[in-house]
Amino acid sequence: MLVSVYRYNPEVDDAPYMQDVHIDIPGGKDIMVLDLLQLLKEKDTTLAYRRSCREGVCGSDGMNMNGKNGLACITPLSAVVENDKLVLRPLPGLPVIRDLVIDMTQFYKQYEKIKPYLINDTPAPAIERLQSPEERAELDGLYECILCACCSTACPSFWWNPDKFIGPSGLLQAYRFLADSRDTATTARLSDLDDPFSVFRCHGIMNCVSVCPKGLNPTKAIGKIRNMLIQQAT
Amino acid sequence: MDMVTSITSFGRSGLYDWMMQRVTAIVLLAYTVFMIGYLLFNPDLDYNQWAGLFQCTSMRIFTLLALLSMVAHAWIGLWSVSTDYIKPTGARFVFQSVCGLLAFIYVVWGVQILWSI
Numbered sequence: 001m002l003v004s005v006y007r008y009n010p011e012v013d014d015a016p017y018m019q020d021v022h023i024d025i026p027g028g029k030d031i032m033v034l035d036l037l038q039l040l041k042e043k044d045t046t047l048a049y050r051r052s053c054r055e056g057v058c059g060s061d062g063m064n065m066n067g068k069n070g071l072a073c074i075t076p077l078s079a080v081v082e083n084d085k086l087v088l089r090p091l092p093g094l095p096v097i098r099d100l101v102i103d104m105t106q107f108y109k110q111y112e113k114i115k116p117y118l119i120n121d122t123p124a125p126a127i128e129r130l131q132s133p134e135e136r137a138e139l140d141g142l143y144e145c146i147l148c149a150c151c152s153t154a155c156p157s158f159w160w161n162p163d164k165f166i167g168p169s170g171l172l173q174a175y176r177f178l179a180d181s182r183d184t185a186t187t188a189r190l191s192d193l194d195d196p197f198s199v200f201r202c203h204g205i206m207n208c209v210s211v212c213p214k215g216l217n218p219t220k221a222i223g224k225i226r227n228m229l230i231q232q233a234t
Numbered sequence: 001m002d003m004v005t006s007i008t009s010f011g012r013s014g015l016y017d018w019m020m021q022r023v024t025a026i027v028l029l030a031y032t033v034f035m036i037g038y039l040l041f042n043p044d045l046d047y048n049q050w051a052g053l054f055q056c057t058s059m060r061i062f063t064l065l066a067l068l069s070m071v072a073h074a075w076i077g078l079w080s081v082s083t084d085y086i087k088p089t090g091a092r093f094v095f096q097s098v099c100g101l102l103a104f105i106y107v108v109w110g111v112q113i114l115w116s117i
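Top to bottom, those sequences are chains A and B.
Just so we're aligned, residue 1 is where the first sequence starts under this note's numbering, counting upward by one.
Just so we're aligned, residue 1 is where the second sequence starts under this note's numbering, counting upward by one.
Calculated from the structure, these hints are not laboratory results.
Incorrect hints may appear among the rest.
[Said to hold, decoys possible] Quick list of the computed label-pair ranges, beta carbon to beta carbon: (1) A/His-22 x B/Gly-11: 53 to 59 Å; (2) B/Val-23 x A/Arg-51: 36 to 42 Å; (3) B/Met-59 x A/Lys-68: 49 to 55 Å; (4) B/Thr-5 x A/Glu-112: 15 to 21 Å; (5) A/Asp-14 x B/Thr-8: 37 to 43 Å; (6) B/Tyr-85 x A/Met-1: 33 to 39 Å; (7) A/Glu-134 x B/Ile-86: 56 to 62 Å.
The structure presented is a predicted model; accordingly, all values stated were derived computationally and were not measured.
Think of the CB as a built atom: it goes at the ideal place given N, C-alpha and C, for glycine as much as any other residue.
Can you make the complete structure from the sequences, with help from the hints?
Following this line, the structure appears as structure tokens:
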């Protein structure tokens, strides 16, 4: 099969280019894209990409495979290869450090803005802050996010304003803390989000939902934040 | 305190702009449906009847409401487009100023037409 990989080493290359590699898959097996990258790296050791857990938990190997963002380690070739060809690019919209490795500073800055930790100004109980099973269930579909950035880098609103729009990933996390029964900073968190960019740059096109490798729904979480803002303000 | 400040957006609050965009859309939809309905139910419309419609105070209120809704709706939408696609601040401010000026001209011109029938 033909693999076309985005290559860019700023120390050597003037501009990024696509490197075409013909490769035979051993035994014709339906391997994961990450395994394919390993085969490519054996051929050309200068290829750079991030990877760690190889099972869709760490979120390191998010990349754009035949035009769609996803995790290379849990995407089988059969799910993305078309006409025996696979185009691999870094996640779009963020600066490239080298080859498939992107600079995620902007993404983490947005995550930091939403204060991704419990805020509770009441005295700590002796053992722990308890939640009922129902209160805990509110966090399902939110806490599973692994911050792989597949969603935010698939979002045009994030491409145009990565410094102002928090993006689907950060907003899913923002709602995760808004929905937490143990958090007491709901009002302050909401008033941080009321400007025209942070939340309201979402136009609901749902690219985030279609690419999330964990099957989460940031658009729904953004809708819930909007409803909370409306309830607080009317 | 908001995490991003904006001094050129319609209501300076994302929530307010979001709400206005929807309210004005409903007004514009109602006006469009009324207009299409009126034209369909009056196939042999003549000048006198058409002028008579707009001399009626309730129609003037409805038309002015639709005009102001259109201006607000267009401002919120075009402001959004300009902050997405026009990155140099100077060019963006010029674009926003032209939109604002046009919106003002349309309102004054519209009022003048409406009350001169």
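* **Assessment of proposed distance window 53 to 59 Å (beta carbons of A/His-22, B/Gly-11)** => Check passed, 57 Å falls within 53 to 59 Å.
* Within 33 to 39 Å or not, the Cβ separation of B/Tyr-85 and A/Met-1? -> This hint holds: roughly 38 Å between Cβ atoms.
* With respect to the beta-carbon atoms only, verify the hint that B/Thr-5 and A/Glu-112 lie 15 to 21 Å apart. => Once the Cβ atoms are compared, 18 Å apart, the range 15 to 21 Å for A/Glu-112 and B/Thr-5 holds.
* For the range 56 to 62 Å, tell me whether the beta carbons of A/Glu-134 and B/Ile-86 fit it or not. => violated (47 Å)
* To do: Take the C-beta atom of B/Met-59 and the C-beta atom of A/Lys-68, compute their distance, and say whether it sits inside 49 to 55 Å.
  => holds (52 Å)
* Lying within 36 to 42 Å: is that true of the beta-carbon distance B/Val-23 to A/Arg-51? -> For A/Arg-51 against B/Val-23, whose Cβ atoms are near 49 Å apart, the range 36 to 42 Å is violated.
* Asked: Within 37 to 43 Å or not, the Cβ separation of A/Asp-14 and B/Thr-8?
  -> holds (38 Å)
Comparing the model with each earlier hint shows violations of hints 2, 7; every other hint is respected.
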